[in-house]
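> Heads up: the protein sequence lines correspond to chains C and A, in order.
Read left to right, the first sequence gives residues 1 to 111 (my numbering).
Read left to right, the second sequence gives residues 112 to 224 (my numbering).
Don't read these hints as lab results, they were simulated from the structure.
Take the hints with a grain of salt, since some may be wrong.
To be verified - A short, non-exhaustive set of chain C residues, derived as facing chain A with CB atoms under 7 Å:
1) G43
2) P44
3) Y46
4) P103
Using N, Cα and C, we set each Cβ at its ideal position, and we do this for glycine too.
Residues per chain, in single letters:
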Amino acid sequence: DAKTTQPNSMESNEEEPVHLPCNHSTISGTDYIHWYRQLPSQGPEYVIHGLTSNVNNRMASLAIAEDRKSSTLILHRATLRDAAVYYCILRDPNYGQNFVFGPGTRLSVLP
Amino acid sequence: DAGITQSPRHKVTETGTPVTLRCHQTENHRYMYWYRQDPGHGLRLIHYSYGVKDTDKGEVSDGYSVSRSKTEDFLLTLESATSSQTSVYFCAISEFSIRRELFFGEGSRLTVL
Chain C
1 DAKTTQPNSM
11 ESNEEEPVHL
21 PCNHSTISGT
31 DYIHWYRQLP
41 SQGPEYVIHG
51 LTSNVNNRMA
61 SLAIAEDRKS
71 STLILHRATL
81 RDAAVYYCIL
91 RDPNYGQNFV
101 FGPGTRLSVL
111 P
Chain A
112 DAGITQSPRH
122 KVTETGTPVT
132 LRCHQTENHR
142 YMYWYRQDPG
152 HGLRLIHYSY
162 GVKDTDKGEV
172 SDGYSVSRSK
182 TEDFLLTLES
192 ATSSQTSVYF
202 CAISEFSIRR
212 ELFFGEGSRL
222 TVL
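Only chain A is shown next, with the shape it has when bound in the complex:
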């Protein structure tokens, strides 16, 4: 199994509070991704990174920011959480971008009350 760790795995927070999810990899893969999964929408890309300090937006990036200061860590931040951001968040990594396989983490379930 690919070495991907997401933390926290479960979090309950209140509207308006900041939240940071962490994705840590031990594979030294170049590409890292954050997806969210909601009933009726499947998985949707939030942001991705193609190297240290190199990030780009996905299709649902509004309300989210990311940072990657080290190869192994990709942080997803909700500056001011809203109830619409209640979701399951998955981190994925890839050595050669989506043209090859993605390896997904176990997911982080976030509930915003």
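Just chain C, same shape as in the assembly:
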């Protein structure tokens, strides 16, 4: 099952770190964990992905639990531009080229 569970919404203050959690307790051993975000009226935007080790890029960090049943997307210093819906997604086992997008977490950033 490629389902993930995320909080519906979160709030953060500008310039503070944000930790967005995701549960994926039934993830298969070879599936990557992907994070995308969608700003208002735009298409989704790739943020980061990882398999087992923690990953860092210019946008964010991804911390993956040792048992891979959960992960956390970390925005080190939230800006107003980071207000978006964040999707933690896995590959669909029924359609190899498909992601299973859930409702995601709506992040609000307060000035």
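Use these hints to put chain A onto chain C, whose structure you have.
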């Protein structure tokens, strides 16, 4: 930003009419995808392509057909539009399939009256 252009960006049409949405890329990526996004459903895959003339169905392919005669263009056709196909349609491209990042277009908002 990845070079992806969707057209038209907005379209209003009537039930029963044919509609074609175009996705054009300048990145020479092998994989192209069509998704639809509806409130309460998130993004769902309609069809995808893994090369010129190579396409396959996604989870919500009924009522849609696609064609890819050139690397840069992926067309989504609604042969006879229905109100249930009112949605926002997103095209995405990828160089190495979904194991690497997808780049999404700006979306095409279709309203079927």
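> Against chain A, run the beta carbon of C/G43 and see if the smallest gap drops under 7 Å.
holds, 3 Å
> Taking 7 Å as the limit, does the beta-carbon of C/P103 come near enough to a beta-carbon in chain A?
holds, 6 Å
> Report holds or violated for the interface hint on C/P44, using the least CB-CB distance to chain A and a cut-off of 7 Å.
Interface hint status for C/P44: holds (5 Å vs cutoff 7 Å).
> Using Cβ atoms only, decide whether C/Y46 comes closer than 7 Å to chain A, and label the hint accordingly.
holds, 4 Å
Checked against the numbered hints given earlier, this structure breaks none of them.
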